[in-house]
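Visitor: Take a look at the letters that make up each chain.
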Amino acid sequence: MEEVAAIGWAQTVHERRMERETPMSMAYRVVNEALSSCGLTIQDIEVLIDAGSDFLDGRGISTCITVDAMGGHFKEESKVAGDGLLAAAYAYMRVASGLSSTALVVAYGKSSESDASLQTATMCEPFFTRPLGFDGAAAAALQARSYMRRYGVGPETTAGVAAKNLAAGAANPNAQVRGEASVEEVMTSPVLASPIRELEAAPVTDGACAVVLARGDVARSVGVRPAWISGVGHCSDAYSIGTRERHRAVAAAGASRSALRMAGISRPHDQLDFLEVSEFYSYQELMLYEATGLCGEGEGADLFSSGDTSPGGRPAVNVSGGALCANPLVATGLVRLAEAAARVTDRAEYEPGAKGDRALVHGGGGLAMQTATCMVVER
Amino acid sequence: MTRPAAIVGTGQTVHVSRREDVNIPEMVREAAGRALEEAGLAWKDIDAVVAGSAPEIFEGVNNPENWIGPAVGASGKPVMRIHTGGTAGASATIAGYYHVVSGLFDVVLVVAYEKLSDGVAQYGLSACYDPLWDRDFACGAPGLAGLQATQYLARHAPEVREEHGAMVAVKNRKNALLNPCAQLRKEITVEEVMASAPVASPLKLLDCCPTSDGAAALVIAEGRRARKMVRKPAWFAGVGACSESPYVPHVDMAYPESCVRAAQQAYQAAWVYQPYRELDVAEVYEAFSFQELIWTEALGLCRPGEGARLVESGATALDGEFPVNPSGGVLSANPIGASAMIRQIEAAMQVMGSAGEHQVPGVRKALAHSWGGAIQFSTVTVFADEI
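As given, the protein sequences belong to chains R and E, one line each in that order.
Using the working numbering, the first residue of the first sequence is number 1, and each one after it goes up by one.
Using the working numbering, the first residue of the second sequence is number 1001, and each one after it goes up by one.
Excised from the complex, chain E in its bound form:
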């Protein structure tokens, strides 16, 4: 029997386009300090640190965990960095979970960050493409997400239209008004999204996430300690992850198999059979508006092609039947290496009842999702209020 583990504290910075007052370790320490405070812990109480960040090429520092670790009290302690691209923050949390459930550590601090103002995000992302075959025509993340959205729209037209992507953007930016950590906190309309400048067809500027400076942190504790630390820990009920090759000719970006499989793994562990009914809220990694539709389908919250109906009917709104991204999602802030962890933090906050103005009432089970690489890495985590 694997011993239980739970999140007992979370912390985030206020995500902004440029932090000039701090360097990377200082920014990470800010989020970590908040997580420790919520858990009622001091730096010395931490047994190990796991760090997550996306390509180091963003900030130009190799092995940044060696720089960050001592800043979060880890000098003389175990530090490990997990690096899986967009999923890095969530993969780091999953590594933290295994630190605890393996029995090797009782209390683990997990941190993730990105300081995208230190470089040019799309140059960094273009460096992910194969140097010999792909890079000459690499065009960052929007190029790939544009292909994904095109594949999705082509499959489900005419019922699904570009306006459905715009509706996701409008919904999430409205939710962000209630999230003090969100970067973009201004309401927009479907008309404004549709009229915004093209980025990579069919994606328009307001279909896309911003680039952000920000950090996130959480504390994971083994069961008995977790119960003593906080009134309502967010228990790890199910953890799933799956990778796939980007060079499979029939790769289905409109219904990614890695996402389907990661969800199956997490649901099986969490005893979830009908996710739409049994889960209460989801935080998904929608760096681009159409992705929220695709993820709700691949996560089994609705059938393929029905994601558009969910957003159009208001079911995924903050006051809807199944709120998706009550935090405002990645469309409202994207410190890339931290974004996947922020999804987990926001889902855990919903379970812990600490989400403040964007709290969904009565959440007992919450889902966090992320994707990374060339839409090839997926993680799914289910948190529950009891285990």
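The shape of chain R in the complex, shown without the other chains:
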């Protein structure tokens, strides 16, 4: 198996609505910026793996039209449906196989063009579940209730997670939501789907991200510090919310277990310097602490209260502000990789809040975290 590193990356400044951008223009921009960040041109790229959502784009096989904007003309190209970090996992396989020396990963989402509730409702089983009006927020609310009740987690704790990430995002120039909020403000914001408050949910975002992966020999020769990918894993949980262990992020646990084992990490809390996770709702970050092995089951709230996961703590979680500060669906997981890669290589474009040599990144998908991808990135 070949060594693989992320050598270049770029993301848009994420916004609620990009009136003047199309998926093509967003993708074109991040591809060019990612390539120039590592001194490559599109001719140096052998494989293009992109992530997109037909439902979000409002057209079938939307790569028909985005493929040339992403640089895929006359290239080996494939599209992964779902989160951009899963596309990165596939690109990793292409390079690790030894059959390609470089791969470009592109993910974009323009959620402003549709309705978030209807969008997530289309993920539901069409005959029995969808007619109930079930959607992403409703699924998350059921999961939040199960988790919070089982482990006695109070609303002040989940609100605290939101306040932590909103404060961290204020320093991130790419973040969409850049206003701090106190725990009280979070707790008194309108109810989205009980027990989840509006300030505890990721925003609707337009944005894109691109990452260049390279084989070890190429990564060492380009003249920029590479972020080595030492572990990778992806996993999925049961479909029906009713048959899941709702108090447990099963997919994230499976994905992180694979990635951590591959990276030789047995004590994540001690061996990871920071994490970037896709917490679409604040309670999910607590569940992800447990799933990634930072603490035991039901101990997420205690870990949060200890301050270890706050900026300045170790392992800090989501010093970028996480998904709560910018959620360009499809690209959200890939943004986590870009954020972590920038920090472990000291190539962050702003004062990064947390640095370190080793990080775990997580991308999620499906209703209530049904799917997950994880990677370990190292200096």
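Derived by calculation from the structure, the hints in this document are not laboratory data.
Ideal Cβ placement from N, Cα and C applies to all residues, glycine included.
Among the hints, a few may not be true.
Stated by the list, open to error - Here's a subset of chain E near chain R, in silico, CB distances under 10 angstroms, partners left out:
hint, residue
1, Glu1056
2, Ile1082
3, Gly1086
4, Ser1126
5, Cys1139
6, Ser1354
Claimed, not checked - Okay, the calculated bits of chain E under chain R, using three or more residues with CB under 8 angstroms as the criterion:
hint, region
7, 1087 to 1098
8, 1101 to 1108
9, 1239 to 1246
10, 1251 to 1265
11, 1339 to 1350
Using the hints, position chain E against chain R.
Guide: This is chain E only, laid out in the frame that chain R set:
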């Protein structure tokens, strides 16, 4: 040195115009179960699942892999869905191949499906056109394929005529009589094709594929495991894929460059220099009859314009010198998201010697081809009986 990988089991549903007895996950499970049975595996033996399907808009379920995955034993396991339009089924197999050759997984189940009776296929395909510029005059797939056939005929007339398209349809529908999974199993004549109702000139109804409900599945294993599982695995000898922009003014649909390049990549890996001589059989994605002529040319099986001569001479018939689409091809069944994988399955079956009544004798190397998008995505896979 990249480690070898092979197909060790395949499965298909019997493709029909409408399955009322199953939903999508149930239909996929049916095909997956058959593939596992052939490989002698249980659900628990699978390390990861890759799914392929064409536009979700066909069936109206977003992220259908999340629905299907648990139905094929993937709850708690890695699931990835590949979505490249018509090529999706083949692109998913290629992703499964990379799951294995990367060293991350040893045994991977790849599934693909389409349940076109759940929607209206041509509405779904028209939704592929750009919403602002193209969709007002979008006319599904036949409109595009009609332009392609016109471009092809204009270039090669008068030697190539509309009857040559009809000959492809007649040949493939005859082959389908021997394929228990084919949907259209009734012999037709050139006269019947020529007299059938116009769809998108020069395409007539019998030049066109049906819409189908169907699923396909295959199991890929790394070399050592593959040898233990089955007597005769179908080895991945060469894998090629290429995409191109649909908005290039000089795009050549009668000799698509993406197909030429994908074939070159696969042949190079498979050490194939003279494809017509060195390969034994091909399964190509002819959703419309003329496409088989175009693909045989772009795949280098003959020179441009000579595809018509191949079909007219009987060379591409089941008992010909170089059988093309012994399964009956896409013209005999088209569950879109699965069709590209069915080409790979049929090619692999020829190598494994498991094609039954439509088995071509003595196959050592077989080619599978597919196209997708606005005739802009191409995949080529070469399977061999040894590696």
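Visitor: Once the shortest beta carbon distance from Ser1354 (chain E) to chain R is found, is it less than 10 angstroms?
Guide: violated (28 angstroms)
Visitor: Holds or violated: the region 1251 to 1265 of chain E covered by chain R, criterion of 3 or more residues with Cβ-Cβ distance under 8 angstroms?
Guide: Holds, because 4 residues of the region 1251 to 1265 of chain E bring their Cβ atoms closer than 8 angstroms to Cβ atoms of chain R.
Visitor: Should the interface hint for Glu1056 (chain E) be scored as holding, given a Cβ-Cβ cut-off of 10 angstroms against chain R?
Guide: The hint holds - Glu1056 (chain E) has a Cβ within 10 angstroms of chain R, the shortest such distance being about 5 angstroms.
Visitor: Holds or violated: the region 1339 to 1350 of chain E covered by chain R, criterion of 3 or more residues with Cβ-Cβ distance under 8 angstroms?
Guide: Not satisfied, violated; 0 residues make the cut.
Visitor: Under a C-beta cut-off of less than 8 angstroms, do 3 or more residues of the region 1101 to 1108 of chain E approach chain R closely enough to confirm the stated coverage?
Guide: Per the Cβ count (4), the hint holds.
Visitor: For the region 1087 to 1098 of chain E, do three or more residues have a beta carbon lying closer than 8 angstroms to a beta carbon of chain R?
Guide: holds (count 4)
Visitor: So, as I understand it, the hint says Gly1086 (chain E) touches chain R; can you test that by seeing if any CB pair is closer than 10 angstroms?
Guide: holds (8 angstroms)
Visitor: Does Ile1082 (chain E) hold up as a contact with chain R if the rule is Cβ-Cβ below 10 angstroms?
Guide: Result: holds, 6 angstroms to nearest chain R Cβ.
Visitor: Would the hint on Cys1139 (chain E) stand, with a C-beta cut-off of 10 angstroms toward chain R?
Guide: At 14 angstroms from the nearest chain R Cβ, Cys1139 (chain E) fails the 10 angstroms test, so the hint is violated.
Visitor: Please count how many residues of the region 1239 to 1246 of chain E have a CB within 8 angstroms of a CB from chain R and say whether that reaches 3.
Guide: holds (count 7)
Visitor: Given Ser1126 (chain E) as an interface hint, is its Cβ closer than 10 angstroms to any Cβ of chain R?
Guide: holds (8 angstroms)
Violated hints for the displayed structure, listed by number in ascending order: 5, 6 and 11.
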